[in-house]
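A.B. asks: Build out the structure end to end from the sequences listed, making use of the hints.
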Amino acid sequence: MSLVLAHNKRDSRILAQKLAFAAVALIAAAVVIPILGLFGFIAFQGASKVNWDFLTKNPSALDASGGIFPAIIGTAWLIVFTILLAMPLGVIGAVYLTEYGGRSKLVTLVRAAIVNLAGVPSIVHGLFGLGCFVFFVGGSIDRIILRTSKPVWGQPCLLWGACTLAVVILPIVIKSTEEALAAVPKSFREGSQALGATKWETIRRIILPAALPEILTGAVLGIGRATGETAPVMLTCAASFKPTLPQGLGDQAMLLPYHLYFVVTQVPNAKMDTKSAIALVLISFVAASSIVVILLRSKFKKARKW
Amino acid sequence: MVKPMPDHPSTTIEPGASIDSEVADMTTQRPSPQPGRGKLSARGVDFFYGSFRALTGVSLEAYSNEITALIGPSGCGKSTFLRVFNRMNDEIPGAKITGKVTLDDEDIYHKSVDVATLRKKIGMVFQKANPFPKSIFENVVYGPRVHGEKNRAVLRDTAEKYLRKAALWDEVKDKLNESAFALSGGQQQRLCIARSLAVEPEVLLMDEPTSALDPNATFKIEELMKELKQDLTVVIVTHNMQQASRVSDKTAFFLLGEMIEHGDTEKIFTVPHDQRTEDYISGRFG
Amino acid sequence: MNRQRLRLGERAIESAIFAGGVAAIVIVGLIMFFLFREGLPLFGNTSAAGFFFGKKWQPSSEPPQFGLLPNLWGSFLVTLGAAVIAVPLGVGTAVYIRYIAPRRLAGFLKGFVELMGAVPSVAVGFVGAVALSPLIKDFLHLDTGKSAIVGSVLLAFLAIPTITTIAEDAMSMVPKEYFQGSVALGATYWQTIYRVLIPAARPGIVAAIMLGLGRAIGETMVVIMVTGNAGLLPDHGVWHAFTHSVRTITGTIGAEALEVAQGEPHYQALFMLGVVLLLITVAFNSLAVTALGRTRRTART
Numbered sequence: 166m167s168l169v170l171a172h173n174k175r176d177s178r179i180l181a182q183k184l185a186f187a188a189v190a191l192i193a194a195a196v197v198i199p200i201l202g203l204f205g206f207i208a209f210q211g212a213s214k215v216n217w218d219f220l221t222k223n224p225s226a227l228d229a230s231g232g233i234f235p236a237i238i239g240t241a242w243l244i245v246f247t248i249l250l251a252m253p254l255g256v257i258g259a260v261y262l263t264e265y266g267g268r269s270k271l272v273t274l275v276r277a278a279i280v281n282l283a284g285v286p287s288i289v290h291g292l293f294g295l296g297c298f299v300f301f302v303g304g305s306i307d308r309i310i311l312r313t314s315k316p317v318w319g320q321p322c323l324l325w326g327a328c329t330l331a332v333v334i335l336p337i338v339i340k341s342t343e344e345a346l347a348a349v350p351k352s353f354r355e356g357s358q359a360l361g362a363t364k365w366e367t368i369r370r371i372i373l374p375a376a377l378p379e380i381l382t383g384a385v386l387g388i389g390r391a392t393g394e395t396a397p398v399m400l401t402c403a404a405s406f407k408p409t410l411p412q413g414l415g416d417q418a419m420l421l422p423y424h425l426y427f428v429v430t431q432v433p434n435a436k437m438d439t440k441s442a443i444a445l446v447l448i449s450f451v452a453a454s455s456i457v458v459i460l461l462r463s464k465f466k467k468a469r470k471w
Numbered sequence: 037m038v039k040p041m042p043d044h045p046s047t048t049i050e051p052g053a054s055i056d057s058e059v060a061d062m063t064t065q066r067p068s069p070q071p072g073r074g075k076l077s078a079r080g081v082d083f084f085y086g087s088f089r090a091l092t093g094v095s096l097e098a099y100s101n102e103i104t105a106l107i108g109p110s111g112c113g114k115s116t117f118l119r120v121f122n123r124m125n126d127e128i129p130g131a132k133i134t135g136k137v138t139l140d141d142e143d144i145y146h147k148s149v150d151v152a153t154l155r156k157k158i159g160m161v162f163q164k165a166n167p168f169p170k171s172i173f174e175n176v177v178y179g180p181r182v183h184g185e186k187n188r189a190v191l192r193d194t195a196e197k198y199l200r201k202a203a204l205w206d207e208v209k210d211k212l213n214e215s216a217f218a219l220s221g222g223q224q225q226r227l228c229i230a231r232s233l234a235v236e237p238e239v240l241l242m243d244e245p246t247s248a249l250d251p252n253a254t255f256k257i258e259e260l261m262k263e264l265k266q267d268l269t270v271v272i273v274t275h276n277m278q279q280a281s282r283v284s285d286k287t288a289f290f291l292l293g294e295m296i297e298h299g300d301t302e303k304i305f306t307v308p309h310d311q312r313t314e315d316y317i318s319g320r321f322g
Numbered sequence: 010m011n012r013q014r015l016r017l018g019e020r021a022i023e024s025a026i027f028a029g030g031v032a033a034i035v036i037v038g039l040i041m042f043f044l045f046r047e048g049l050p051l052f053g054n055t056s057a058a059g060f061f062f063g064k065k066w067q068p069s070s071e072p073p074q075f076g077l078l079p080n081l082w083g084s085f086l087v088t089l090g091a092a093v094i095a096v097p098l099g100v101g102t103a104v105y106i107r108y109i110a111p112r113r114l115a116g117f118l119k120g121f122v123e124l125m126g127a128v129p130s131v132a133v134g135f136v137g138a139v140a141l142s143p144l145i146k147d148f149l150h151l152d153t154g155k156s157a158i159v160g161s162v163l164l165a166f167l168a169i170p171t172i173t174t175i176a177e178d179a180m181s182m183v184p185k186e187y188f189q190g191s192v193a194l195g196a197t198y199w200q201t202i203y204r205v206l207i208p209a210a211r212p213g214i215v216a217a218i219m220l221g222l223g224r225a226i227g228e229t230m231v232v233i234m235v236t237g238n239a240g241l242l243p244d245h246g247v248w249h250a251f252t253h254s255v256r257t258i259t260g261t262i263g264a265e266a267l268e269v270a271q272g273e274p275h276y277q278a279l280f281m282l283g284v285v286l287l288l289i290t291v292a293f294n295s296l297a298v299t300a301l302g303r304t305r306r307t308a309r310t
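Taken in sequence, the protein lines are chains P, A and S. Anchor point for the first sequence: position 145 equals 310 in this note's numbering, and the numbering is continuous, going up by one each time. Anchor point for the second sequence: position 253 equals 289 in this note's numbering, and the numbering is continuous, going up by one each time. Anchor point for the third sequence: position 175 equals 184 in this note's numbering, and the numbering is continuous, going up by one each time.
Treat the hints with care, as some may be off.
As the list claims (entries may be wrong) - Just the calculated beta-carbon pair ranges, DEER-fashion:
(1) S/Ala28 x P/Arg308: 25 to 31 Å
(2) P/Ala452 x S/Ala239: 30 to 36 Å
(3) S/Val93 x P/Pro374: 47 to 53 Å
(4) P/Asn434 x S/Gln271: 30 to 36 Å
Derived by calculation from the structure, the hints in this document are not laboratory data. All figures in this text were calculated on a predicted structure; none of them were measured in a lab. Ideal Cβ positions, reconstructed from N, Cα and C, are used throughout, including at glycine.
C.D. replies: The structure is reproduced here in structure tokens:
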């Protein structure tokens, strides 16, 4: 039994390995290229159109040229209220899971609920928002409190859009907050409790402040996701063409992602650069929030002293 | 071995069990210690992590103005025992304790006892300095703030007083608003001591407080302990026998969850009764 | 006493935290409840069989027909196509990142895939509609660019980040000893990867595929924009179906929900479609969670 023979046999195996590695690398490239293609296409077609006027002017009713100002403002409103609703609920949920729940059956159930909530298709969220918030809650307000037959709250508006989107991003917020809380060392909890602080005092004064940067990172993650969601807001909030800015939570509003959908599918004479520019603004915002998340994470990891 | 006394049925606590809202305020009723009784007293304490028995029938008295040292090899239960006194073990799922533990003759595991109030009276310093991610000042006044003090001037005075007591004032007085993490390991530990003192405890539990420190920092903390016992009952866990013999008045030797021997430090280190104590002290195991 | 008041406050806060903690359960319950509340009355108007076994979706015919089957078929078809593309690409990319790529390239690729996952589906749908769809139409000489196959390609794009990220996670949980043991026996890296490491991570990879396809089947904007939202049950074979317009569950809901009034049968039928879709995704998720649980257990032993 010579080593040379073994060596030869090994050669064929090495060849197989080289081929396999090359094939897998090709697969990875096949994934990267379409992403680059997508970004490239949108940037190439839309960049020339994105300028100050585009960002600050109203769209024209005729072919959606002009600007996207109302859609930017509408999205900003929507995101602010979504975060205001989702963050407190999400943080409380995470505090319950990490600090109070222990290993009870209920915690298992809550976790299962969160996994399933995260898997609910966005159009189902939209139906839910429509059936629950718009027609049931809003409709009840109109019927019972305002006693009117003309819909005031019983129609799509910013408030119901924000409620729906808050449900959409709740699992994201809970998960990231949970990770943030779990990263706070046990010694902080012990130190505080040994000084006679109660559990809640410890959470409020030590754990939440220590976890705050990462909780905020989770909020940025939620903002990124909420900005791009179309299906849930399509049914609960979005206006297709409404050049006036929203005045309050009861108003319908133009929204960036829905505006893109609307222009692409319902405005046949819209120009390619207009459509691409809307997509470019939307995608830039989402990509920026993604990059902010990645940067924040590595920054906090480095800055952390414990 | 002392069994729980019949008129004191052994108490069992299950962590997470609801605490009665009728909180007994421990400061209002303070029976004067009976002669010969320790400030802190444990009688017939058994401790379980789930089905694992970590302590078996431990009884110990710790007296005011004394330092009691708990020594023994790793895993002998001395840290677990220390944490019995401020109920830090309550936080561990599946932990269970039987026996009787008292502070000034009051059962600290009685269901009417508020754990937070108990821990205000029985402070603890940990093995590894654990300052909070706050400024030096905020670390010291954390306890007073938690216990309701809001007056800025009072808090400032408190901070100075206890930083002085912990022999740290001169080193940090110009940087009170800097992060506690900027301090050295020894300074951080003294900060944690100051932080514990600031809630004015009657007892201070120290869990291997110098094990992570260099000899110089260790020396400073040992000097500090001797100061502290003027006002306090101090119980210290240490794996360093020289430290026990240097600072403590009483020493208790633990082995495999049992307390083998307990008495004056001098006697334990010179004429131990038990062969196992002698073996440990002379360095034959552990 | 001060402390006692604090105790009461603490009790109140703990109750609030408990309420917030179980909110996720309540919300899932509410979603179920409202879908059924709005959808079930349909069966007072038409028969359940007419919905579940109906072969036509024609809301404006007289009488209107709300058949589930063409919707179900369309969702199945585009998801199947997406699976054919996304499974090899997604898992392959995970293998490349985990085992083959140099460290820095691997980190870069991971960030890239994460970014890919963050692209809003409406933007993917836009590029699909204006760029990919004409391209495929010309390439395959189709009558229309609005076809199932374009939907499949775009859904694959959306499913790949999920598949890659979770599969890569699962691979990272395989104990190092497996690798060392295999290499020490004289196996090459590649042999070790495909004979030892990938099989060890298999439950996690299955979970990744399930979650990725769960996302694909529930995806709306892409299919609404490129698949035509029209179509019947297939009568000319699978390839014919792929190259023509198709009606999916999500597409039907998304395209028609804005045109209906609350309480009319069409509205109710759309909510029943929502119920079916939700049940399908819950099934996918449960399979994934079970599989993930299996990986964790193997990784621990």
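A.B. asks: Hint by hint, work out which the structure violates, then give me just those numbers in ascending order.
C.D. replies: none
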